[in-house]
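These protein sequences, in sequence, are chains U and S. All residue numbers for the first sequence refer to my numbering, where the first residue is 8 and numbers rise by one. All residue numbers for the second sequence refer to my numbering, where the first residue is 8 and numbers rise by one.
Since the hints were made in silico from the structure, they are not lab data. Each hint can be trusted.
Partial pick of chain U residues on the chain S-facing surface, computed with a CB cut under 7 Å:
#1 Val265
#2 Ala362
#3 Arg394
#4 Arg402
#5 Ala440
#6 Phe591
A virtual CB, placed ideally from N, CA and C, is assigned to each residue, including glycine.
2 protein chains.
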Amino acid sequence: MGHRVLTIVLFVSTVAITMAAISLNAHPFDPLSAEEITAVRIAVLASPLVPARPLYFHYVGLDEPDKPDILSYAGYGTSSATTTNLPRRAFVIARADGQTHEFTIEIATATNANASASVISHAVYRGPGFPMFTPNDQISAMALPAKYPPFVESVRRRGLDVANVGCGVISRGWFGSSEPAYGGARVAKLQCVVFDNATANIYARPVEGVVMVVDLDRMAIIGYRDRAAYVVPKTEGTDYRAERVGPPFTGPAAAPGVVVQPEGSGFRIEDGHFVRWANWEFHVGFDMRAGTVISLASVNDTDDGGSWRRVLYRSFVSEVFVPYMDPEEEWYFHTFMDAGEYGLGASASPLQRDADCPANAVYLDGYYADYDGNPVKATDVICVFERYAGDVAWRHYNGIGEPVGDETASSLLSLLLPKYVDNVSCGFSVQFAEVRPEVTLVVRMVVTVGNYDYTLDWEFKTVGSIKTVTKIGNQVGYRLIPAGATAMSLLADDDYPQRRASYTKKQVWVTPYNKSEKWVSGLYAEQSTGDDNLATWSKRNRRIKDVDIVLWYTVGLHHVPYQEDFPVMPTMSGAFELRPSNFFERNPLIRTKPPGNYPNCSCSARSG
Amino acid sequence: MGHRVLTIVLFVSTVAITMAAISLNAHPFDPLSAEEITAVRIAVLASPLVPARPLYFHYVGLDEPDKPDILSYAGYGTSSATTTNLPRRAFVIARADGQTHEFTIEIATATNANASASVISHAVYRGPGFPMFTPNDQISAMALPAKYPPFVESVRRRGLDVANVGCGVISRGWFGSSEPAYGGARVAKLQCVVFDNATANIYARPVEGVVMVVDLDRMAIIGYRDRAAYVVPKTEGTDYRAERVGPPFTGPAAAPGVVVQPEGSGFRIEDGHFVRWANWEFHVGFDMRAGTVISLASVNDTDDGGSWRRVLYRSFVSEVFVPYMDPEEEWYFHTFMDAGEYGLGASASPLQRDADCPANAVYLDGYYADYDGNPVKATDVICVFERYAGDVAWRHYNGIGEPVGDETASSLLSLLLPKYVDNVSCGFSVQFAEVRPEVTLVVRMVVTVGNYDYTLDWEFKTVGSIKTVTKIGNQVGYRLIPAGATAMSLLADDDYPQRRASYTKKQVWVTPYNKSEKWVSGLYAEQSTGDDNLATWSKRNRRIKDVDIVLWYTVGLHHVPYQEDFPVMPTMSGAFELRPSNFFERNPLIRTKPPGNYPNCSCSARSG
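Isolated chain U, as found in the complex:
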């Protein structure tokens, strides 16, 4: 088995403008509501521009207003926020008549259940690549193999029951002219597993050796190969459900904690999307491709009269690239782009309360469109919680000299430091400690794409961010701190999967802000060829000094499978931190109020 490299690229757009106030009435970054998605659907289906049927919706999402309008709306850079609502628009990608259609839709009333909408632009996309699969692509394709005689025969030959076999759509990647073009049809591959309820671990029991090619628009199998009939692994030891694996359990069990907050929750969520916590405020959105979207994150500078300073304009996971790097005929094309092919938001797992997130979490829903354009409620897909792991944000301990055990030292201290000892004296020694707990705010989504579960956290620390001017004359900014290994792609530069994801050869990219450069692997990532990705855009060599920039960072893991990853692998983490660097005049945590009854400036003695 080859090893898999998993790279997640994050889009982080930053500006540095002092803001005044924010109006939160129907925020322009709010994701489309169920009513808005319905109105969009009606507008597209009613449009005479695309009469062909069936028409399937592959992407429906917010077409965000232009950045200057958002800044003006929110009152950034001006003395007050405007009260005018911005135009509310959606962007739609649909397939009909074997073509990819792009629509821009204007929605008349943002918050009304009777919202109406109309198409304001339409285009046919004729370049390489396809939009994300719809959920229905998966579900409908699953039904094909059981009715396909060669597959039924392959299954029979392996001594299996076709009723116990389930199949899934696997993106085919892109391998240039080395593979059939299928006349430009939207094709994928189908691979199957034994799925007989003997184990929950369906991925441990592949029907290895069989690969089908499916035309997803015609929803028909158009290619078939049964190369070799491998024995299907046994179910023994593969199930991971508690009632199947134990007892005996490893014991005694680690005792789980429950976080309670005697002083109550420290954050609130306004209008369903705007979070205020400690010295931070930000907007949480949802997109069927990107998943969680963090916007307009600003930090308050108490030392600067309580001014708000913006740190992030918009940030989200732009792509998750997972080349398996196994040359076998059934594995080489496993070169997934999970966001652009399957959709992180559409694949978000409903969070298990008190398990995926702690007891003090608040949960948010998302809405996306199904293949027919109807809204799907994705329940509990985002949780927000204050995280307290028992760590310390900052501390300092002062003892005069060292802890002492005799009176000689004590009298020496008195001799040397009479004023100090008079004021803060305790027994033989003079000591005090000042400690602040590390409490952070986490915005979490868990995305399950096939056999991988991604826990994607945005964690806010009270330590803050970017600024335009600071007084000492240092270069102001923030620094990027990798917190975990980064994975350099090991693919050759001219390998097809690497050409599609050529940006993974560098961990950090900076580009000038451009609203259309949002998806690192291109708008049409499925079967993309690398002609519309970050590395390509960067060849234009645009100026990035003294302009509004976007930071792209690749978090990566080389997943070399170990025995311990079976049947379900333990969590592995990669992360990075953006940390202010000479933005604040001093540690912004100094003005963080210590919790009630917090034992600071305590004075303790040690004796022999």
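Keeping the supplied structure of chain U fixed, place chain S upon it in accordance with the hints.
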């Protein structure tokens, strides 16, 4: 100001032997008790081998039994533990008559308040370097400047009151023949700060420009230079104590969590030192130089019939090297070796309950010897707690197809997977998630050396460690995962500070186990010359394949000071993980019992 590089080297000794049982009666790795330290003191002072007085104790610690004896005692590799107690010995370094003396002491009764002891070996050390400072070196030296007329005059010239000035002993490092040898005397430097109770932040107000040389054995100032009278910085904005900085506080405050454990604590500490938790057991010791010492950590393999497998024989922080890399006359010699010069255990800060450690922590004390050999109780210097940060140890979500919103998909599922749907059906879709919380066990010490506070955590995960045999035929072992940046030393190879800490040019070293190779910077780190450090030992090029090995890992941070680090810097972290690699046959967490009422295998539906 130059930047500081901070490297922490950890000693990790591993073996891989299946153990049978452990007798915990007076464990041979228990640190010396107060009674034992007293007995050791009496034995040294009563010995005719060193009649010279005064005699000061620089190090008193456990002289651990040889490894084969420990293994035999603990029953590793045999069918049962022995019941014979091993000889109990102490190692002492003392200064008398201007010489460094080493003693080995045998203690007659380990657990008796009337323990007696006798010297069984004595040697005079005549090589380069000196033992750790005693606490009294600091305290006594502090008293010297106020009685030293040139210093009193320097202070007066700066418009300061000598009663408001405090001084500290700064190790002088080693700079070869470029500096005076002072006839081989044990000298250090003295530097001072204004200490007038106007601010707790004494390090922000140095009496810059003045450096004194002190002979610590004679306890006299033997060198003095006042190069330039800088203005002492103002106190404004320097204090970090809550009552001095606020209000206004940054608000609303982040709400701290309190971890409660409804199912009780998951660990217990036997005989004060032996910790049992989940699938782990290990011994926690204390040493005045190393601080926390973890020994005999073993993991239980439930899948292998509940056998115990040893992972770490002994592990501790061997050195903390902090070269400031500032060429100024008052700063160039700041090339601290905090463990070898000041002692991590002796500098351990009393942990602030519910602040340095969460509410569910258990606290341990330590004992070390003061300069006169008397035991000093270091209260609450180690805490042990179960850490629950709201993270997930492993999870997997299975949905058949994707969440669906119509009956077509549901009927397709029924058609395809009748057995499965019969068993686990819920509405339109079939989904379940299995999640286990990440609960870890942390052993924490906070060490304050001057202006730096080090939080040193050993964190145990239920995910496990090394093994001798496994069945698949993979290469067994564990892997080292850096979890955070490592700091490569930027000093030139022939720079004196780098020669002392030449091992910092590589992040990972492996040596064959040798009981005497314990301190990475040498037994006598103070003014050491690099002739007895890890890099030197490694030049012997000993075999490391198929032998008992020691892993040395350097965690490092380049601390480039930013405005935000003032007046107290926010916590920065560096870490590494040792993770089993084909040791277990499968994920050992699979057999971790889920918490009561844990929502696994839940079945939920999404509808449109």
